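> Single-letter residue listing:
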Amino acid sequence: MNWWLAAACVLVVGGLGPCLWGAARGTAGRRVVAQNMATLLLCLVFLLLAQGYGRPSYADLALVVAVLGPAGTLVFTRLLGDETGARPPGTRLLTPAVLIGAPATVVPMCIAAGPGRATIKLIFIGVLLIAGGAVTSWAVRRG
Amino acid sequence: MDDALVVAVLVLVAAAATAAVLQRDPARQAIVLSLLGLALAVLFTVLQAPDVGLAQLAVGSAVTPLMILLTVRKVRQRKGRPK
Numbered sequence: 001m002n003w004w005l006a007a008a009c010v011l012v013v014g015g016l017g018p019c020l021w022g023a024a025r026g027t028a029g030r031r032v033v034a035q036n037m038a039t040l041l042l043c044l045v046f047l048l049l050a051q052g053y054g055r056p057s058y059a060d061l062a063l064v065v066a067v068l069g070p071a072g073t074l075v076f077t078r079l080l081g082d083e084t085g086a087r088p089p090g091t092r093l094l095t096p097a098v099l100i101g102a103p104a105t106v107v108p109m110c111i112a113a114g115p116g117r118a119t120i121k122l123i124f125i126g127v128l129l130i131a132g133g134a135v136t137s138w139a140v141r142r143g
Numbered sequence: 001m002d003d004a005l006v007v008a009v010l011v012l013v014a015a016a017a018t019a020a021v022l023q024r025d026p027a028r029q030a031i032v033l034s035l036l037g038l039a040l041a042v043l044f045t046v047l048q049a050p051d052v053g054l055a056q057l058a059v060g061s062a063v064t065p066l067m068i069l070l071t072v073r074k075v076r077q078r079k080g081r082p083k
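Chains A and B are the protein sequences, given in the same order.
Just so you know, we're using this note's numbering here: the first sequence kicks off at 1 and counts up by one.
Just so you know, we're using this note's numbering here: the second sequence kicks off at 1 and counts up by one.
Since the hints were made in silico from the structure, they are not lab data.
Please read these numbers as outputs of a predicted model, since none were measured by experiment.
Positions of the beta carbon are idealized from the N, C-alpha and C atoms, including for glycine.
Be aware that a few hints might be false.
[Claimed, not checked] These stretches of chain B come out as covered by chain A in the derived footprint (C-beta under 8 Å, 3 or more residues):
1. 7-20
2. 28-40
3. 45-58
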């Protein structure tokens, strides 16, 4: 096991576990926030797995999550709108998590990958993550 | 050592599935169900089947919760309508 896979393992246990706990209990708003956080962490996990297994094509999964994750969150905020309410607990964690997590994963991977198409793809995924995070945290805040 | 990752993801899938079964409200169950879909996608990827994971991701993260929530909304509207 290399360091990339170890980081993915830590993220699965320490990140997705608490997200599952948050999504299984509490108000509807808190659950939507936990689901949004889980898609962000999942994208980072897929990026780390692609690097850990040495298969850049696995990054396609991260690309799909970066697009579909915010879409899923928007579905929940739209259809659970009257239950979630404005500013559910944990909302203020979303923006810092995206702004710290995405560069902290993408930049080391870009350095490891070196210049080329893979780096452009990684940067694109990072930009998509930050844009999706901005859109979903705005939507969740509005309720 | 790779087994540690597989075991961690397997435990996550089992926990998500148990949590999804234990929910009572269908709308909230859809949220846990989408997390179960995401966890299954990670499991497939860890087991070196990323193509299956890709399909699971597309279906599990957005389409299934959307269909469940639309159905719940339709049923509730019909219940609320005076006869």
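> Determine which of the earlier numbered hints do not hold for this structure and return their numbers in increasing order.
none
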